[in-house]
Amino acid sequence: MNFTAKERERFDFAVIANWIPPGERVLDLGCGDGKLLRYLRETKGVFGYGVEIDHESVLGCIRNGVDVIQIDIEGGLSGIETQSFNHVIISQALQAMHGTERILGEMLRVAEEAVASFPNFAYRANRAAIADGHMPVSEDLPYEWYETPNVRFFTIADFEALCSKLGIEIRERLAFDENGQLVTDDPNLNGSLAFYRLGRKS
Amino acid sequence: MSLENSVGVVVPQRVRFNEPMTLKSGARLPGFELVFETYGTLNAARSNAVLVCHALSGGHHVAGIYADNPRNVGWWDNVVGPGKPLDTNKFFVVGVNNLGGCYGSTGPMSLNPETGKCYGADFPMVTVEDWVAAHARLADHLGIETWAAVMGGSLGGMQALEWSLQFPDRIRHAMVIASAPKLSAQNIAFNEVARQAIISDPDFHGGHYAEHGVVPTKGLRLARMVGHITYLSDSQMGEKFGRQLRHGEHKFSYDVDFEIESYLRYQGDKFAGFFDANTYLITTKALDYFDPAYAYDGDLAAALARAKASFFVASFSTDWRFAPARSREIVFALVHNRRHVAYAEIDCDAGHDSFLLDDAHYHAVLRAYLENIST
Numbered sequence: 001m002n003f004t005a006k007e008r009e010r011f012d013f014a015v016i017a018n019w020i021p022p023g024e025r026v027l028d029l030g031c032g033d034g035k036l037l038r039y040l041r042e043t044k045g046v047f048g049y050g051v052e053i054d055h056e057s058v059l060g061c062i063r064n065g066v067d068v069i070q071i072d073i074e075g076g077l078s079g080i081e082t083q084s085f086n087h088v089i090i091s092q093a094l095q096a097m098h099g100t101e102r103i104l105g106e107m108l109r110v111a112e113e114a115v116a117s118f119p120n121f122a123y124r125a126n127r128a129a130i131a132d133g134h135m136p137v138s139e140d141l142p143y144e145w146y147e148t149p150n151v152r153f154f155t156i157a158d159f160e161a162l163c164s165k166l167g168i169e170i171r172e173r174l175a176f177d178e179n180g181q182l183v184t185d186d187p188n189l190n191g192s193l194a195f196y197r198l199g200r201k202s
Numbered sequence: 203m204s205l206e207n208s209v210g211v212v213v214p215q216r217v218r219f220n221e222p223m224t225l226k227s228g229a230r231l232p233g234f235e236l237v238f239e240t241y242g243t244l245n246a247a248r249s250n251a252v253l254v255c256h257a258l259s260g261g262h263h264v265a266g267i268y269a270d271n272p273r274n275v276g277w278w279d280n281v282v283g284p285g286k287p288l289d290t291n292k293f294f295v296v297g298v299n300n301l302g303g304c305y306g307s308t309g310p311m312s313l314n315p316e317t318g319k320c321y322g323a324d325f326p327m328v329t330v331e332d333w334v335a336a337h338a339r340l341a342d343h344l345g346i347e348t349w350a351a352v353m354g355g356s357l358g359g360m361q362a363l364e365w366s367l368q369f370p371d372r373i374r375h376a377m378v379i380a381s382a383p384k385l386s387a388q389n390i391a392f393n394e395v396a397r398q399a400i401i402s403d404p405d406f407h408g409g410h411y412a413e414h415g416v417v418p419t420k421g422l423r424l425a426r427m428v429g430h431i432t433y434l435s436d437s438q439m440g441e442k443f444g445r446q447l448r449h450g451e452h453k454f455s456y457d458v459d460f461e462i463e464s465y466l467r468y469q470g471d472k473f474a475g476f477f478d479a480n481t482y483l484i485t486t487k488a489l490d491y492f493d494p495a496y497a498y499d500g501d502l503a504a505a506l507a508r509a510k511a512s513f514f515v516a517s518f519s520t521d522w523r524f525a526p527a528r529s530r531e532i533v534f535a536l537v538h539n540r541r542h543v544a545y546a547e548i549d550c551d552a553g554h555d556s557f558l559l560d561d562a563h564y565h566a567v568l569r570a571y572l573e574n575i576s577t
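Just so you know, the sequences run in chain order Z and G.
Using this note's numbering, the first residue of the first sequence is number 1, and each one after it goes up by one.
Using this note's numbering, the first residue of the second sequence is number 203, and each one after it goes up by one.
These aren't lab readings, by the way, just hints derived from the structure by calculation.
These figures come from a predicted structure and were not determined experimentally.
All the given hints hold, so there is nothing to weed out.
From the structure, some residues in chain G lie toward chain Z, with a derived Cβ separation under 7 Å:
1. 534
2. 543
3. 546
Just the calculated beta-carbon pair ranges, DEER-fashion:
4. G:405 - Z:78: 46 to 52 Å
5. Z:147 - G:210: 43 to 49 Å
6. Z:53 - G:211: 39 to 45 Å
7. Z:128 - G:540: 44 to 50 Å
Each residue gets a CB set at the ideal place from its N, CA and C atoms; glycine is no exception.
Make the full structure from the sequences, and use the hints.
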């Protein structure tokens, strides 16, 4: 089965929404044009803000009627109070930011739980591309190397090792292949896109 | 000026309020007049009214032109008009000259009914809170129970913020642009230099210059020159003027050598030719005193707790007078209070004055927000 871009977006939204209880306070980092927040508002009645640095995306949020704060997440979230949100979401944006450790730390400072999704660079097709001598381009890594906004290239295994190092508890993980099929067998090899529920180890 | 998408020829209106008004300072005004303009049509539900608040030198003439002076274009004409970001086909837009102003509303140049002479220095100090209280009387007069939005840049943004605090149920959207929740020490310092320039002018006469038939133009000119420096960015000034010489060589005199000197003198002269010195003094003090968090031990979040409006906040990257960080203070105080807010930090080279300019992205953001306001 091949997803259209819109179906794919809806699929990602649905996976995330499944982890967000109704009526929550949500912060969406790297929120793009705010469609996920709008979806969460419409399906879950959440109250949320997007955080975004890109000018066109901020304009998109405003057009979509989504609350948005234009700041650079790389500089931290110091204006946002500790534990002031139920969930903080970073949907396919972590790989485009430099300060990974700091951002993960800030996420779990401002919210009780974090939801993160990112493309798995160790996905079978990506490995094949590298073995073939080229940087991977796929559904979940749709950019050529010379135009990619991604700056951190990591795998499911790498991410989980970092969580362990930072004392971040992985509460749930879902991995999907390029067709949107749930992967249970060796997700680091068979998963193209990974979703996590993260918390502080108590 | 092109009349395309212009509200066209406009006529100022005037309203008198006979009910005395006690000001924040404790002083009492025995009634007052406001001069204002409107553009567009108030709908039957009276739900499409937008108040545009002016900054230091602006007034009620926000958009359009005057029949007898087609070159006198409203100060925000690029934003307000049919099909423009603040679309007068959708909204009923009101511009008003603030109390203490010098464009026709009661101010230092008005006659003091107690003396029969012009108020001059005897006009009481007015604050942002007083302006908003006066705006509310105008809203009553126009039959506007609730503004769809109150908006403004700089000092105008402070009025929009104050509207959300003083009348939380009478404003649905506050649009605070290139503004700050209070002045910094540096901001106050610049204002003080401007005031001292005026007050130390020999023609100032303790503010009663009108009685002496003179105007402290030298002081007013200096005040405007200092102000103008703070409205522009270093980079833009460098780009526009650099070290360009007026006469192509160093003249070794105190006449104009550099183009920037010529520009500042021109701006100062122009301003001193029409603006009232007492209004300038009062307005800079209103800026200095504005601080909604003052009564809350400096806690802005606590001060904004009573606001109910949705907010649009915008700042400009090169604005060092009211830098983006000042707008973020407002934004995070709103987030604390779980208020709706859209905050855009706009890349623009022109410093504080950016809010008046025709920047495509800025106007797109304004338009997008205003389009989503239901009427």
